[in-house]
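Protein chains in written order, with UniProt numbering: chain A, 1 to 629; chain B, 1 to 629; chain C, 1 to 629.
Treat the hints with care, as some may be off.
Said to hold, decoys possible - Within a straight-line C-alpha distance of at most 25 angstroms, the following computed PhoX-like cross-link-like pairs (lysine-lysine) qualify:
(1) A:Lys-101 - B:Lys-167
(2) B:Lys-101 - B:Lys-86
(3) B:Lys-69 - B:Lys-167
(4) C:Lys-86 - C:Lys-69
(5) A:Lys-167 - C:Lys-167
(6) C:Lys-69 - C:Lys-389
(7) B:Lys-101 - A:Lys-101
(8) C:Lys-101 - A:Lys-101
(9) C:Lys-101 - B:Lys-101
(10) A:Lys-69 - A:Lys-389
(11) C:Lys-167 - B:Lys-101
No wet-lab data here; the hints were simulated from the structure.
Remember, predicted model here, so these are calculated numbers, not experimental data.
For reference, the chains in residue letters:
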Amino acid sequence: MQRTLGTCYYPEHWPEETWAEDAARMADLGLTWVRIGEFAWSRLEPSPGNLQFDWLERAIDVLHDAGLKVVLGTPTATPPRWMLNKHPDMLAVDAQGNPRKFGSRRHYCFSHDGYRAEAVRITRLLAERFGRKVEAWQTDNEYGCHDTIYSYSDPARAAFRDWLAQKYQSTEALNRAWGNIFWSMDYDSFDDIDLPNLTVTEPNPAHALDFRRFSSDQVARFNEAQVATIRQHSDAPISHNYMGRIVEFDHFATGRQMEIATWDSYPLGFLEDRLEASPEHKRRYARQGDPDFQAFHHDLYRAVGRGRWWVMEQQPGPVNWAPHNPAPLPGMVRFWTWEAFAHGAECVAYFRWRQAPFAQEQYHAGLLRPDSAEAEGFAEAARVAAELKQMPDVEHTQAPVALVFDYASAWGWSVQPQGAGCDYFRLVFEVYRGLRKLGLSVDIIPPDTETLAGYALVLAPGALTLSEPLLKAISETSAQVILGPRTNAKTEHLSTPVPLPPAIEGLDVTISRVETLRPDMPIPAEGGGAVKLWFEQLDSTEQMIEETEDGAAILVGARNLFYLAGWPDPTLLQRILAQRAEAAGLAPQVLPQDIRIRDTGNTRFVFNHGPEPVTFNGQTIPPAGVIWT
Amino acid sequence: MQRTLGTCYYPEHWPEETWAEDAARMADLGLTWVRIGEFAWSRLEPSPGNLQFDWLERAIDVLHDAGLKVVLGTPTATPPRWMLNKHPDMLAVDAQGNPRKFGSRRHYCFSHDGYRAEAVRITRLLAERFGRKVEAWQTDNEYGCHDTIYSYSDPARAAFRDWLAQKYQSTEALNRAWGNIFWSMDYDSFDDIDLPNLTVTEPNPAHALDFRRFSSDQVARFNEAQVATIRQHSDAPISHNYMGRIVEFDHFATGRQMEIATWDSYPLGFLEDRLEASPEHKRRYARQGDPDFQAFHHDLYRAVGRGRWWVMEQQPGPVNWAPHNPAPLPGMVRFWTWEAFAHGAECVAYFRWRQAPFAQEQYHAGLLRPDSAEAEGFAEAARVAAELKQMPDVEHTQAPVALVFDYASAWGWSVQPQGAGCDYFRLVFEVYRGLRKLGLSVDIIPPDTETLAGYALVLAPGALTLSEPLLKAISETSAQVILGPRTNAKTEHLSTPVPLPPAIEGLDVTISRVETLRPDMPIPAEGGGAVKLWFEQLDSTEQMIEETEDGAAILVGARNLFYLAGWPDPTLLQRILAQRAEAAGLAPQVLPQDIRIRDTGNTRFVFNHGPEPVTFNGQTIPPAGVIWT
Amino acid sequence: MQRTLGTCYYPEHWPEETWAEDAARMADLGLTWVRIGEFAWSRLEPSPGNLQFDWLERAIDVLHDAGLKVVLGTPTATPPRWMLNKHPDMLAVDAQGNPRKFGSRRHYCFSHDGYRAEAVRITRLLAERFGRKVEAWQTDNEYGCHDTIYSYSDPARAAFRDWLAQKYQSTEALNRAWGNIFWSMDYDSFDDIDLPNLTVTEPNPAHALDFRRFSSDQVARFNEAQVATIRQHSDAPISHNYMGRIVEFDHFATGRQMEIATWDSYPLGFLEDRLEASPEHKRRYARQGDPDFQAFHHDLYRAVGRGRWWVMEQQPGPVNWAPHNPAPLPGMVRFWTWEAFAHGAECVAYFRWRQAPFAQEQYHAGLLRPDSAEAEGFAEAARVAAELKQMPDVEHTQAPVALVFDYASAWGWSVQPQGAGCDYFRLVFEVYRGLRKLGLSVDIIPPDTETLAGYALVLAPGALTLSEPLLKAISETSAQVILGPRTNAKTEHLSTPVPLPPAIEGLDVTISRVETLRPDMPIPAEGGGAVKLWFEQLDSTEQMIEETEDGAAILVGARNLFYLAGWPDPTLLQRILAQRAEAAGLAPQVLPQDIRIRDTGNTRFVFNHGPEPVTFNGQTIPPAGVIWT
Ligand SMILES: [Zn+2]
Ligand SMILES: [Zn+2]
Ligand SMILES: [Zn+2]
């Protein structure tokens, strides 16, 4: 399959007379795909039942006439105002008990049956009309953006009770599973169970975790309803555009429902608003984005899409929504595009064709300025389009390293962090960054992975409850495996298993005590570096590979199975990963701070993420520069 | 008109036997004016309709008998508790949906018709009784203090819908003006439009801006109702006492309704609680107040009062309401008084005569201690009274520099800052400070100014939408004019005009891109200094006056019209302002950091705002010192 | 009375088969006391009226059979879920108006009559059944934990109105006492008075203070109802387990109702979450706890219990609820136990016997791990048990220094701090720390103390309203007495007395002005050190003992009575305290930073709180080391 480019287009924002010229310019630029429709419900159905699909058909025709392919989005992230008159209680409710009102987007509760039926209805109507016409589909838009997974509404409460009743069958079973005896929290009836907000102090973590599982299931159910509807009328592949660092629902669950995973990549916005990093780091990468954040998501969505994935929205210039919104370094739009292709993207689509001069995102760049002049990203996209002609098709290669990512663990850590700063995504991402700084390419794998065949090095930091298939795969692999910290430390109800964790066959390790550390009191490791934030005291007869200056175990194990008792700082992490990678027969190399490498198929890409030129392996790579061989 | 002093007095706090002695001491001190009554509703009308005005008449008589003049305040900022029994829904509602309860002050919603009628009623009764008796009026007290302009109540919602219906006439027009198509936010009925709080993510900026315009109009309407009522029974001038850095309503709009503008000047409290400044700056000026903050407001309220303005409440010692409440440096009470007179004040009234030993402001100093002994400010006021005898009357002189201040722009920046720290008041105030540090006196002018005659230098930083009259005045002036950043960047609906901004006749400049900057990544200017926070990329054929080290335009223009593409730091600002001031024929001089100058009439005042003596032009000025010539 | 050890045990968490072994291990370890039952309501009464006390009787029997004594807790901190079906409005309401929901603990409003009756009912049933069987009682659990004293519920509002009506008898009296004239806040009816939350700006401080007095009274009333009920059926001593730095209710008031005061001592959690200290201090003591925080509470609860006090919950390892939860230094569990005994504890009970693997406190250590293996604290407790055999019984000695602690003053400072950081507990605690750093042992005394006989040095910093008995005791004592800052500065209604404070007989001092200071602008004292945060300007003819570099009075007085005009920093405080201690005939010595001394009976204990060994008086004390002679 050929690597392609695309863009997001809102014909409803512009006079119909200008569509054809827009389409012609898109085609000239070398774009293949155009995503449309995902916010257009008020024009598709201005009043209940008053369907106005003709303009959309004309827009599709114009695009097709220019040789472009169309991704049609279902408009369910933006129900029109009249929907609230039909379903006044469809709004999500925040944790403080306030309805989250109409006036922007994503103003619905996933648990509202009436709204879900409306979403299916408009999806069905669109699929009936355009199912044979468009080349791909997108469901809704950015599930979870603006903290929209958790709703504390009446419909959510009722649905949660049903969900619990189906899961536990009896309150006795639920009381036992949650340990409700602890503070006399036992329930006699599922109808007595409330949502876990506004409790006097923290709710039972099992209660909180089940609410998160339920909320994730509600998203999957909502999405599946649309997918099933589209399938009845269309053979085109279906996708959803995920958003960066949204971990409140299980993307693997929705991913399994669809052919393609896509995500919306805003490197500069993400650096500012959702990355733990020092001010120095944020300043250094303010115009390039973090060197690993996009790559992590590329690898994550390759897993979510089981190989097939796109960037559906690629930042093309400054955005409008982060605390600070600088312009990218010249060349970064091309750079980001190539980075996605290096990680296996089939398509990179720029958000958006033309900057709109009104409403919420006026200062969010497009490929065109509001006056239709070319913005800076335009020429960079054109350069990629030209370069693509020389490149092979999308290549799939298994990476040598596998890193488990488990959404339920993110919820578990969030419910029960035990210390400020103890966050699952952060832990996994730091390990990912450590691997990348050694020049390694990584596959992110789901927690129910059944085989580790082909991998030389496998890590599952912080995965709270290892699944049976993964435990079996670990026991069977000859790869170097590093578990911990906190791996397999919990039952599915977020209780502590007895015998104590990690209880891994072939590894004589028992966690006898957990402590969390002030950021200013890391525990130095004997060989340099330190453990920070999270540290476990081990009872173990395994060989001590790394220890603290006081002689406490940090890394123990033998043969190919190792347990890591704490959260390593970058220095310690590098040493551990390099040793294991070498033991695994890989050739780790410590890269310059701004350089990252990605191998795919027969191509090795080398990226300079820094603001200055870097000489690497004899070649000087300019800022925003990428070379491939 | 003579410069006078005054004080704020609460006869209802003290035994009637003591009034005469208080009045005698006030007269002895050299005071002319006494403001009374503005919080006394519960004594004027202890129960509905039970009017008790006699005590107030006696108090006025006592003051008159001592030769004092009276400003009578309408007591509408403190409706008594029984009012809530009549109008249970009169309370404002905060953005979270909670009523803002009785128990302090300003507990009313400007949109509540019933309460507005009550306010008019008590105003009418007071005006009927005292209209020919008192020498001046004050409406209400400190509109906007304690964040009281925005209310999310049911009456506010209903009034907002009416306001929108009157403004737009049809929802089609409103949808178009707001760009509601953007996220399917279109409305079919004005009754479907809600207030813009509690939306899932940011509301449409046009929606938010209209709510702010509406809220400002509600204040003007509330005030006008009182003013019109007083006018029917009194020829005395009417005023309102504005509060520092309240920009949530348009003071020019209320200012036009009344003869005099007054404001409440609390230099130390303001430094602590409403000024962006470094800790070092706050520490240096902790006992003196910021060197420019009071001056800015003096100049602002001179404009709001069309020349006639007072300080109605002057800090006389420590206050009680800021995060920290230190005592002023000895001499500062005199200093602040003279500063106000230097900027043209007709009267400076001290808040308050005697420190009250009970209720909310017990630790707020007065001229007297609670035990009636003289507090420290007393002697300083006496010194001013003595000095005033040697001084000419209030002098009015047009300043050589005009600086536009536009409340609607403050709302626009607040609704759509595009980056943390990007605030309109802050921008204008920094420019004002820059001008003052060059020894220049400044007139603040409203955004609908029709002529710039008499000015040598004109600035309108951040004024989002230049009015037709001002655009005309700019095109006609021969003054040096600096526009930008963000000047004329928006339509009145906060959308981006196409052709792109600033679209100023005679200036070939187009803003092709906007970016906002982390505080730690200023962009260095070629000649020193830097652009911070906000930076625009220009397409321009104009001469480049200032540029970044990378060659991007910072200041362009020719003849007398210039565009500034970013937010200058103090170094860059000083260079730009000094150059333009010189080109304008002014004689800018870089003052020592603590020195400020103000020219009025034939008098030049020189103030030392620092904690140490400063030698300036051969004269040594002590801390808290002012000299005039 | 012998010093004893104990533990907190939850038989309801564990299979009944294991109880006997647990009891045997407890006895073997050398424990005397076991606290049980305080969270077990849902097992004692699974549905309304369905009493299941047999298991508890069997658990008590098992413990008794092993030779252990039992403290039985009333389970009223954790009413079961069915209670809400009977009393839907029993939940407390937070200051934002949201009910604080079921799902954790302490989910009740102290003002709900129905719930109080239920609490009395279950208490009566337990007392009837076990009144002659158990050796001691505990009421409820940790009143005030999780901010549970203040409730803004409808029952609280109604009860507050009643309380005010009983206190003031007429609204005229209330209006006068509160100074409601200030902003027309007068009331015509007690039914018009609301709770002081959600006011537009700060409520009248008198209103706020009365709400705090009322809330404290509600706790006392709730507790007294249980105490009176138990007394009818039991002669065993009654206690309550207070929590660290909870000042929202008057512990002396509840303390007077019971025989024993106990508190829950979590040194590491408290250091992290409720102590003002620099990051360096927190890091240094992260594994030991603050050197004075526990001691302060030991001395406080000795006063609350009129000599009889315990640690009911002693931290035995890492906890789970602070921002960071490190493990204690080896030896600290023993160290903390001895520290309590040094201050006169009768018993130290470890929380908890066995770490529970489920629900909210999974990562909170016990003496046993969840798998019943010994955790680290186990051996340390065993060592204390062995050491105890060599020690004399609990010794009571009056300390040479008395320090007044007054809960109402804590409320007054909180309602009216006048400056950020001005907190009563913090002030008193800093003075306490200063005394301890001079090697002095301290008695904390209540504000209604009637005699100071036996004390050489007495301090009452920040005690806002000195009681008649204490004033008399001060006038009669020959001890060195230091009053101020802010001592006797307020009436009981939090107004300022006229004549002005402090109005102490025999001390010619008048506070003419109060100022609060930025943390970065301390006022240097002539002899070194400085005044910080709070500073009073004095009119005084007394001798000046300490003054600022500018000559303003800091400490004045003569003979044995002194007034301190500001909040001293540690250097100034040390000088003042050392001088007065010497004048009092004590022998203050400046201790090394980590060393603290406590004298009791004939024993002197010396503690090293630091992470390194310290040589003191020729002896080297290791980290976590204590020596006694
Ligand atoms: Zn997006
Ligand atoms: Zn005021
Ligand atoms: Zn506890």
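List of violated hint numbers, smallest to largest: Hint check: 3, 4 and 5 fail, others pass.
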